[in-house]
Amino acid sequence: MKKNIFFIALLIMTSSYAQDFQGKAVYESKTSVDLSNFGRPDMPEEDKKRIKERIKRNFEKTFVLSFNKIEALYLEEKRLEQPGNNRGSFRGFAFNVSGKYYKNIKEEKYINQKEMFGKVFLIKDELPSLSWVMGSETKQIGQYLCYKATALKAVDPASVLNFRPPGRPGGNREQDAKKDSVSKENSLFKDKEKTKEIEVTAWYTLDIPISQGPGEYWGLPGLILEVNADKTTILCSKIIINSKDKEIIEAPKKGKEITQEKYNKVLKAKMKEFSERPRNGPGSRGGNRPRN
Numbered sequence: 003m004k005k006n007i008f009f010i011a012l013l014i015m016t017s018s019y020a021q022d023f024q025g026k027a028v029y030e031s032k033t034s035v036d037l038s039n040f041g042r043p044d045m046p047e048e049d050k051k052r053i054k055e056r057i058k059r060n061f062e063k064t065f066v067l068s069f070n071k072i073e074a075l076y077l078e079e080k081r082l083e084q085p086g087n088n089r090g091s092f093r094g095f096a097f098n099v100s101g102k103y104y105k106n107i108k109e110e111k112y113i114n115q116k117e118m119f120g121k122v123f124l125i126k127d128e129l130p131s132l133s134w135v136m137g138s139e140t141k142q143i144g145q146y147l148c149y150k151a152t153a154l155k156a157v158d159p160a161s162v163l164n165f166r167p168p169g170r171p172g173g174n175r176e177q178d179a180k181k182d183s184v185s186k187e188n189s190l191f192k193d194k195e196k197t198k199e200i201e202v203t204a205w206y207t208l209d210i211p212i213s214q215g216p217g218e219y220w221g222l223p224g225l226i227l228e229v230n231a232d233k234t235t236i237l238c239s240k241i242i243i244n245s246k247d248k249e250i251i252e253a254p255k256k257g258k259e260i261t262q263e264k265y266n267k268v269l270k271a272k273m274k275e276f277s278e279r280p281r282n283g284p285g286s287r288g289g290n291r292p293r294n
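Be aware that the sequence shown starts at 3, since it is given in our numbering, and climbs by one per residue.
Careful: at least some of the hints might be erroneous.
In silico DMTMM-like pairs for lysine to aspartate or glutamate, Cα to Cα no more than 20 Å straight-line [as the list claims (entries may be wrong)]: (1) LYS233 x GLU62; (2) LYS63 x GLU199; (3) LYS240 x GLU78; (4) LYS51 x GLU62; (5) LYS111 x ASP127; (6) LYS155 x GLU199; (7) LYS264 x GLU128; (8) LYS108 x GLU128; (9) LYS111 x ASP158; (10) LYS71 x GLU128; (11) LYS258 x ASP127.
Label pairs and their in silico Cβ distance ranges [stated by the list, open to error]: (12) LYS264 x THR152: 23 to 33 Å; (13) GLU30 x GLU139: 16 to 26 Å; (14) PRO46 x ASP209: 21 to 31 Å; (15) GLY137 x LYS80: 19 to 29 Å; (16) LYS248 x LYS50: 41 to 51 Å; (17) GLU110 x LYS50: 19 to 29 Å; (18) ASP247 x GLU199: 15 to 25 Å; (19) VAL122 x ARG56: 24 to 34 Å.
Think of the hints as simulated: they come from the structure by calculation, not from any bench. Given the structure is predicted, the values throughout are model-derived calculations rather than measurements. Glycine residues also receive a C-beta, built at the ideal position from the N, C-alpha and C atoms.
Using the sequences and the hints given, assemble the complete structure.
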């Protein structure tokens, strides 16, 4: 009943908005990773430190959400790579980066364009809906008063964090397999066979009464400015409303159409193939690309 009241209020508030209402929000996303057991025992500390910093930077991203009352497009803002960042075993997981995520809350559909090993996929499916529990707790984010909402969400099976990296260059596969069996639970990339749920905390503002938010998040009576989900925090750093420069929101069209479930299966198979293939040595590219 409480949720229905909120959505009635949302409809009343949005009715006063012009038909061409649109805006843009910038979000900073950061995922914490446990690197305490990272690296071989004989790896120089300077090398460990450098690679750890590179990994951390890969989990710090900036996104831009362009939105109107019905549609939204969520894009990663590309940054210039520092010299040397294209090398290293972690580079092999770059195919799982976010692409173009389009959502239509009226139709409750989304289209997610992603690239995997040079092949573009167009994931089309129903927009995931969370059962939000809205509370009375508030906090200020920038100039906006925000309200707290929580929900349970299944762990994303397509997340790169669910998988383990390939063996070390020049390593012994049998020895690596034995070590993996011992250290699998402490690995950065775990293969989660069982579906788990995590608690998601969102902070939304009624000052911008649209049911939008970063990425897959939506369904609250105001723009979501912050999301905390497991080890990931997404925080809005800038908002522009009704700029003279109109935001163009178009659904991506290029790529092989596929459902989210089928994409997850393809991704898992490719990741398994990738992780089981030994690399030929430093600087080698031959072991980084799975068979077609």
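For each hint, the structure was consulted:
Of the supplied pair hints, the one linking LYS233 and GLU62 holds, its CA atoms being roughly 12 Å apart against a limit of 20 Å. Between LYS63 and GLU199 the CA atoms are separated by roughly 24 Å; this puts the pair beyond 20 Å, and the hint is violated. For the given pair, LYS240 sits about 15 Å from GLU78 by alpha-carbon distance, which is consistent with the 20 Å threshold. Taking the CA atoms of LYS51 and GLU62, the gap is near 17 Å; set against the 20 Å cutoff, the hint holds.
Taken as a hint, the LYS111 and ASP127 pair is honoured in the structure, with Cα atoms around 6 Å apart against an allowance of 20 Å. Proximity of LYS155 to GLU199 is assessed by CA-CA distance (about 5 Å); at most 20 Å being required, the pair is judged to hold. Among the hinted pairs, LYS264 with GLU128 is consistent with the structure: their alpha-carbon atoms are about 14 Å apart, no more than 20 Å. Distance check on the hinted pair: LYS108 and GLU128 sit about 11 Å apart at the alpha-carbon level, within 20 Å; holds.
For the proposed pair LYS111 and ASP158, the alpha carbon gap of about 18 Å is at most 20 Å, so the pair holds. For the proposed pair LYS71 and GLU128, the alpha carbon gap of about 18 Å is at most 20 Å, so the pair holds. With a C-alpha separation of about 13 Å, the suggested pair LYS258 and ASP127 falls inside the 20 Å cut-off, and the hint holds. A beta carbon spacing of about 31 Å between LYS264 and THR152 agrees with the range 23 to 33 Å that was offered as a hint.
A C-beta distance of roughly 22 Å is found between GLU30 and GLU139, which places it inside the suggested range of 16 to 26 Å. Checked against the given bound of 21 to 31 Å, the beta carbons of PRO46 and ASP209, roughly 52 Å apart, lie outside it. Distance hint for GLY137 and LYS80: a CB-CB separation of about 37 Å, inconsistent with the stated range 19 to 29 Å. Checked against the given bound of 41 to 51 Å, the beta carbons of LYS248 and LYS50, roughly 48 Å apart, stay inside it.
Checking the proposed 19 to 29 Å range against GLU110 and LYS50 shows it is violated: the Cβ atoms sit about 46 Å from each other. Between ASP247 and GLU199 the Cβ separation comes to about 41 Å, which falls outside the hinted range of 15 to 25 Å. As the Cβ distance of VAL122 to ARG56 is approximately 26 Å, the hint placing it in 24 to 34 Å holds.
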